[in-house]
Amino acid sequence: MTEEHAHEQSFISKYVFSKDHKTIGKQYLITGIFMAIFGGVLAGLFRTNLASPGFLTHEQYNALVTYHGAIMFFWVAMPILLGGFGNILIPLMIGARDMAFPTLNMLSYWTFFVSTVVLILSMFVPGGGFSGGWTIYPPLSANPEVFMGSQLGTVLFLLAVALEFASMLMGGVNFITTIFVMRVKGLSFMKLPIFIWMELIASLLFLFSVTPLIAGAIMLLLDILLGTHFFRVEAQKVGDPVLWQHLFWFFGHPEVYVILFPALGILYEVFTTYSRRPVFSYKTVVYSTIVAGVLSFIVWAHHQFVAGINPISAMAFSLTTILISIPFSMQLVVLGLTIAGGSIRFTPAFIFGISAFAMFVIGGLTGLPLGAVAADIYFHDTYFVVAHFHYTVFTIAVLSTISGIYHWFPKMFGRKINETFGKIHAFLTLVFYNGFAFPAFFLGLAGHPRRYYTALELGYLRKYQWVHEFMTISAILLIATQIVFLFVFFYSIFAGKEEKEPNPWKSTTLEWLTPSPPPHLNWGSYVPVVENEPYEYAKNGRDFIPQGRLVEIKKKEV
Amino acid sequence: MSSSETRVEEIEHKEYYESFSVPFQRFGFWVFLSGEIIILGGLVAAAILFRLSYPNWFESSTYTNVIISSINTFVLLTGSLTAVLAHKNAVDGKWDKVQLFLGLTALAGLTFISIKFIEYSREIHHGFVPSKDVFWMFYYGITGIHGAHVLAGTFIILGVMLFLKKKKLVEAVENAGLYWHFVDIVWLYIFPLFYLT
Amino acid sequence: MQKQGHRHPPYVGIYFILLVLTAASILVSFVVHREAAPPFVFTLSTVKAALIALFYMHLKYEGRYVIALALIPLIVFAVVLFALMPDIIPYQKM
Chain L
1 MTEEHAHEQS FISKYVFSKD HKTIGKQYLI TGIFMAIFGG VLAGLFRTNL
51 ASPGFLTHEQ YNALVTYHGA IMFFWVAMPI LLGGFGNILI PLMIGARDMA
101 FPTLNMLSYW TFFVSTVVLI LSMFVPGGGF SGGWTIYPPL SANPEVFMGS
151 QLGTVLFLLA VALEFASMLM GGVNFITTIF VMRVKGLSFM KLPIFIWMEL
201 IASLLFLFSV TPLIAGAIML LLDILLGTHF FRVEAQKVGD PVLWQHLFWF
251 FGHPEVYVIL FPALGILYEV FTTYSRRPVF SYKTVVYSTI VAGVLSFIVW
301 AHHQFVAGIN PISAMAFSLT TILISIPFSM QLVVLGLTIA GGSIRFTPAF
351 IFGISAFAMF VIGGLTGLPL GAVAADIYFH DTYFVVAHFH YTVFTIAVLS
401 TISGIYHWFP KMFGRKINET FGKIHAFLTL VFYNGFAFPA FFLGLAGHPR
451 RYYTALELGY LRKYQWVHEF MTISAILLIA TQIVFLFVFF YSIFAGKEEK
501 EPNPWKSTTL EWLTPSPPPH LNWGSYVPVV ENEPYEYAKN GRDFIPQGRL
551 VEIKKKEV
Chain C
1 MSSSETRVEE IEHKEYYESF SVPFQRFGFW VFLSGEIIIL GGLVAAAILF
51 RLSYPNWFES STYTNVIISS INTFVLLTGS LTAVLAHKNA VDGKWDKVQL
101 FLGLTALAGL TFISIKFIEY SREIHHGFVP SKDVFWMFYY GITGIHGAHV
151 LAGTFIILGV MLFLKKKKLV EAVENAGLYW HFVDIVWLYI FPLFYLT
Chain D
1 MQKQGHRHPP YVGIYFILLV LTAASILVSF VVHREAAPPF VFTLSTVKAA
51 LIALFYMHLK YEGRYVIALA LIPLIVFAVV LFALMPDIIP YQKM
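Residue numbers (this note's numbering), protein chains in the order written: chain L, 1 to 558; chain C, 1 to 197; chain D, 1 to 94.
Treat the hints as calculated values from the structure; they're not laboratory data. Note that CB positions come from ideal geometry on N, CA and C, so glycine has one too. You may find that some hints are simply not true.
Stated by the list, open to error - Label-pair ranges, simulated between beta-carbon atoms: (1) ILE72/D <-> TYR378/L: 32 to 40 Å; (2) LEU365/L <-> PHE163/C: 51 to 59 Å; (3) THR43/D <-> ILE322/L: 38 to 46 Å; (4) SER13/L <-> ILE67/D: 48 to 56 Å.
Unchecked claim - Partner residues aside, some chain C positions facing chain D, computed with beta carbon under 7 Å: (5) SER34; (6) LEU49; (7) SER53; (8) ILE68; (9) ILE71; (10) THR73; (11) ILE185; (12) LEU196; (13) THR197.
What the hints assert, rightly or not - As a list, the in silico SDA-like pairs of lysine to any residue whose alpha-carbon atoms are at most 25 Å apart: (14) LYS165/C <-> LEU104/L; (15) LYS191/L <-> TYR65/D; (16) LYS14/C <-> TYR526/L; (17) LYS539/L <-> PRO502/L; (18) LYS116/C <-> TYR65/D; (19) LYS116/C <-> ILE224/L; (20) LYS116/C <-> LEU225/L; (21) LYS237/L <-> SER60/C; (22) LYS463/L <-> LEU445/L.
Only chain L is shown next, with the shape it has when bound in the complex (with noise of 0.2 Å):
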């Protein structure tokens, strides 16, 4: 058997071009990290323009903005949630020895990788990156020579956003594939922990939203090489610059939703493991998402409402966003619920994770008011909207992750982090992230429109300066609390304090039966038999039930 004998491997195959899913999976989330430290700096600075116009020239903020925004969701969000706790656990959590495409994974990385060297070289070439905001709307993005001076700087721009797609549609291929086909005996769909459901909710929801803006994005590739007139609007020519509204968000919004859900998921776990309660209720969970990923294909357009669509087309999304705001209040409910009266052990996973559940209560609910048309008519574009979506984005996608991080670090690495960091790391993080965040909702009530330059050329804007101020030297310190987590981040991983326990946090799912960090081909000669529910915490007076338990692989008669 190939596990017995020592697989003989150069320091390429196994450490740079692996197709070792948690080896893929580190690289992902490694990278995932260095760019979220980047897109955050690419934030301090034009914060620092807000609190003191005239640090950048008009042109570097606006292209700093644009990258911030896409680099936090496809550089950031994405390869951290999918490409990294995604490679990393769900074979482990289905009791498979890899991928289903281990080759194909290994290349989902690399093309990754090369994303991120084209991303950031569009922002240096001449003429500078793409400055039009991350959602590209023409007419601007179509004639980027026309009004920023960017041809080759927009051009690259979105090749890098292509190849980031091509990346995550290679690794949705193989995270639907193994889900379905790779499952240990006895794992049915409604024995899955909840992580692995909300992993492939989310690759389906990417694969069927990304792709009719891949269609769109050939279109506007054509009307900036070629001349074309899809969505330009010239003499004679008319093109139509709503269309590519339209098959933005009609991915946008699913798109939220996949990077939501896995961190949802990352919160289950967390949940159940250290308040030591199963989920309150499996099956709302499962069917919620369902029916909330099915609705969020339907609901795009309520970043159109002031666009100019038809408004019947926006009485229509407005129902059907009000209506997506049920399955995921059940969500909400469920989680707490899941919680309350259990015995709660406040380990920085758990404090990150109580703290994005909180936090992402406000975000989900400042939505209605966003939701509805006729409110939405003052918001849209204001800074409500942007700490509404920080409030959902932020929350879950930064303090979701750190708290996963925290908890599955053990497993990855074979030790620990200072539990004592976590928990000042948690604390300092909430206290800036809502001191930058939290002021923007009363600067939108306020009227203040967001990717301004600075607040000081419109009158009625003048008085809340000081608010800018606030909220940069909150977001600087936010940054700079990252940093340090970075650091010992990386100083754990290589000095810090070893945890041999296979299952430190006594967690029930099958990923905490492997040695840590589990070896090639994760379960030596031994595979691991499902016989019960995922979360069984409490039950039969014992403390936990593992899900599975190892089993010796009997050798084949020859």
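Let chain L serve as the given structure and place chains C and D on it in line with the hints.
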């Protein structure tokens, strides 16, 4: 580590794993195909929307060449036949015939692309460029992307032909055929959209 | 992996049906009446597509997951097309 190493565990010890009705290579390929359907579908939807909005579409559409494109339709359909016959022979274990039929399919692909190249040259020579008007931008955009897919399909067929020299895998032949049939089906809609109506 | 008991549909017979249907589409469009052709021609296209999908791509013999993977993109296509119509079409007439 190649995928066959992990597959060895599941196949040799399948009593330890949940059974699933579809072989994983075919399932994975359908996941990929379902994404591809909407990429081309998105372009077609945009074309339909613009066609319904611009009456001057129809004036331009009379300048496309039905004879050349009908030949191309015949070429693609024949390629579908040879691709599925390759699959049939793979299932029956007749691997020499598989290579023959795959080779014929690849030839169909190259023929299609050559004819398309000649067609584009003639049209550009007459001044019908992508930036000319709404019909031509969709014509070049969609048939161009479709042509790129035919080229990719041809490369896949050639790649599978090489792969089969190492390992006789029915799923590889099937997947190559699936991609070709998908490209053919898309053409069955593009052909009327730009040439017949 | 060999498929046991795999019945092969009549691939060559279907091929000739496809050729006949294609010829019919061309005839209707160019000989009969070009303006009225679209419904007829696109229906024929759908019939041909169905033949290829069901028999050449073996969808007739597949289980629910593969059929879902084949059908969901078509639903997405329809959603995109119909949801965009109220916005794109009324404003374009030139």
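So, going through the hints one by one against the coordinates:
no., hint, verdict
1, ILE72/D <-> TYR378/L: 32 to 40 Å, "37 Å, holds"
2, LEU365/L <-> PHE163/C: 51 to 59 Å, "55 Å, holds"
3, THR43/D <-> ILE322/L: 38 to 46 Å, "39 Å, holds"
4, SER13/L <-> ILE67/D: 48 to 56 Å, "39 Å, violated"
5, SER34, "4 Å, holds"
6, LEU49, "5 Å, holds"
7, SER53, "3 Å, holds"
8, ILE68, "12 Å, violated"
9, ILE71, "11 Å, violated"
10, THR73, "6 Å, holds"
11, ILE185, "5 Å, holds"
12, LEU196, "4 Å, holds"
13, THR197, "5 Å, holds"
14, LYS165/C <-> LEU104/L, "21 Å, holds"
15, LYS191/L <-> TYR65/D, "19 Å, holds"
16, LYS14/C <-> TYR526/L, "14 Å, holds"
17, LYS539/L <-> PRO502/L, "22 Å, holds"
18, LYS116/C <-> TYR65/D, "36 Å, violated"
19, LYS116/C <-> ILE224/L, "24 Å, holds"
20, LYS116/C <-> LEU225/L, "21 Å, holds"
21, LYS237/L <-> SER60/C, "14 Å, holds"
22, LYS463/L <-> LEU445/L, "14 Å, holds"
Of the numbered hints listed earlier, those contradicted by the structure are 4, 8, 9 and 18.
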